[in-house]
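Sequence lines, in order, name chains H and S.
Our numbering applies: residue 1179 is where the first sequence begins, and numbers increase by one.
Our numbering applies: residue 16 is where the second sequence begins, and numbers increase by one.
Keep in mind that the hints were calculated from the coordinates and are not lab data.
It should be emphasised that the depicted structure is a prediction, and the values quoted were computed from it without experimental measurement.
For every residue, glycine included, the Cβ atom is placed at its ideal position computed from N, Cα and C.
There's no promise every hint is true.
Claimed, not checked - Covered, in the sense of this in silico footprint (three residues per stretch, anywhere, with C-beta under 8 Å from a C-beta of chain S), are these stretches of chain H:
| no. | stretch |
| --- | --- |
| 1 | 1255–1262 |
| 2 | 1271–1282 |
Said to hold, decoys possible - In silico DSS-like cross-links for lysine-lysine, where the CA-CA straight-line distance does not exceed 30 Å:
| no. | chain 1 | residue 1 | chain 2 | residue 2 |
| --- | --- | --- | --- | --- |
| 3 | H | Lys-1240 | H | Lys-1256 |
| 4 | S | Lys-208 | S | Lys-44 |
| 5 | H | Lys-1256 | S | Lys-53 |
| 6 | S | Lys-53 | H | Lys-1252 |
| 7 | H | Lys-1252 | H | Lys-1240 |
| 8 | S | Lys-208 | S | Lys-45 |
What the hints assert, rightly or not - Here are a few chain S residues that sit away from chain H, every Cβ distance over 10 Å (derived from the structure):
| no. | residue |
| --- | --- |
| 9 | Ala-55 |
| 10 | Val-99 |
| 11 | Leu-103 |
| 12 | Gly-177 |
| 13 | Ile-191 |
| 14 | Thr-213 |
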Amino acid sequence: MKLQHFPHKILFPVAIVLSILLLPPSVHLMASVPDQQTTCGELTTLLLEKEQQFTREVRSLKRDIAALHHKLDKPDIKDIFGGIGYIIGLFGIAAFVAARRNNSSTQE
Amino acid sequence: MHISDGVLPLSISLASYAVTAAGIAYSLKKTDQKDLPKIAVVTSSFFVASLIHLPMGPTSVHLLLPGLVGALLGPAAAFLSITVGLVLQSILFQFGGLTALGANCIMIGVPAVVCGTLFQFLQGSSIQQNSFAGAVAGGLGICLAALLLAGLLYTGGEDFFGVAQIALAAHLPVMIIEAAVSACSISFISRVKPEMLTWSRTLQCTNEPGR
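Excised from the complex, chain H in its bound form (with noise of 0.2 Å):
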């Protein structure tokens, strides 16, 4: 009894606010859908160009390094030099003690 006594016509505008208050988190949900699948092809590509670019730095870093471990295998300006130093330092021990057994030869 008291159902039939329920305002149809309430029913309505409560409907519409409803389906208003209802309605635009669906919206946005079916406008959205698209959208992060955008963002997803966004992140995809962003991550794409971040990795080339760091193989290409980690290219330039091995190349780099490889052209370090060809410099430190040529002998350089120091062992060059140091060698040489070595050399005359050699004979000149080797001087220096034929020297002394010369001169320890004549004082004896």
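Given chain H, work out where chain S should sit, using these hints.
Showing chain S alone in chain H's frame:
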């Protein structure tokens, strides 16, 4: 032209070390004390000469100078000089391994001794004759070194004639350059300081009775 570590069998490396030690002992005994500064200078130039790389087609070659060392120092002191130079090269430049050092000394040292002896026979009073003797010594030094390389690698199980052919072919330009460099150096020295080429011999001859 350097033999690396692990190419030669152990017995050969030990034997080459023994031969090198004997060569040094002989060299030290025969070397005159007054020659020491000259030996030091020639050793230094031998030590540095291998660093001068000349681009030659796809690869690069470098001077070895056994002939010039032998010609300038004489056969006795040449072996000592070559050994000292090679020891320092292998320590500082990683040219050739330490285990193959004896073999390397024989490979460069024996040609130096042979070329030194040959140069003393060939040299004369004129500059032309001296530079010709220098060129012969320089070219022959490389040739002998290549043949010795082939002989040493033969003990490691390589084919002698194959290696000898490759080594001789690869060092043909070096041979020519070396002959030219030796001829120029010897002619310059015989023009500027001719006593440097005969000095040790005359000194030995004059000193021999007194000692």
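Hint check:
no.	hint	result
1	1255–1262	holds (count 5)
2	1271–1282	holds (count 5)
3	H/Lys-1240 / H/Lys-1256	26 Å, holds
4	S/Lys-208 / S/Lys-44	26 Å, holds
5	H/Lys-1256 / S/Lys-53	23 Å, holds
6	S/Lys-53 / H/Lys-1252	28 Å, holds
7	H/Lys-1252 / H/Lys-1240	18 Å, holds
8	S/Lys-208 / S/Lys-45	23 Å, holds
9	Ala-55	4 Å, violated
10	Val-99	6 Å, violated
11	Leu-103	5 Å, violated
12	Gly-177	28 Å, holds
13	Ile-191	26 Å, holds
14	Thr-213	21 Å, holds
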